[in-house]
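Each residue of the sequence shown is one higher than the one before, counting from 1 in our numbering.
Note that these hints are calculated values from the structure, not bench results. Hints are supplied without guarantee of correctness; some may be wrong.
Said to hold, decoys possible - Each pair of labels, with its calculated beta carbon distance range:
no., residue 1, residue 2, range
1, Ile72, Thr50, 20 to 30 Å
2, Gly56, Arg3, 17 to 27 Å
3, Leu36, Arg70, 11 to 21 Å
4, Arg70, Ile29, 27 to 37 Å
Glycine included, each C-beta is placed from N, C-alpha and C at the ideal position.
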Amino acid sequence: QRRVNIIYFFNEDWSPDYGGDLELWSDEIPPRPEVLIEPSFNRLVIFNHTDRAFHGHPWPLHSPQDRSRRSIALYYYTSGRPSGESTLPAHSTLYQ
Numbered sequence: 001q002r003r004v005n006i007i008y009f010f011n012e013d014w015s016p017d018y019g020g021d022l023e024l025w026s027d028e029i030p031p032r033p034e035v036l037i038e039p040s041f042n043r044l045v046i047f048n049h050t051d052r053a054f055h056g057h058p059w060p061l062h063s064p065q066d067r068s069r070r071s072i073a074l075y076y077y078t079s080g081r082p083s084g085e086s087t088l089p090a091h092s093t094l095y096q
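Based on the provided sequences and hints, a complete structural model is requested.
And the structure:
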């Protein structure tokens, strides 16, 4: 089970106008962004991953053709979760 997400951004001279913020969403229905994290150069983001740790960057980028949003993602896994921590059925990553 994935327990911790680690995302490191490599975007030198990234303009906020390009978009691409990492969004950490509430666990309300429907989810809504609670935290926006700009993908700035040398930024490291670490957060717990649970079945209700909704996150991503759902909006298209507005960067120039020669610019891309660069990051590396690392994950920490364990063989299970403490009892009572998981509340949803197991699912894989949802790419959209």
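Results of checking the hints against the structure:
{"no.": "1", "hint": "Ile72 with Thr50: 20 to 30 Å", "in the structure": "22 Å, holds"}
{"no.": "2", "hint": "Gly56 with Arg3: 17 to 27 Å", "in the structure": "18 Å, holds"}
{"no.": "3", "hint": "Leu36 with Arg70: 11 to 21 Å", "in the structure": "18 Å, holds"}
{"no.": "4", "hint": "Arg70 with Ile29: 27 to 37 Å", "in the structure": "33 Å, holds"}
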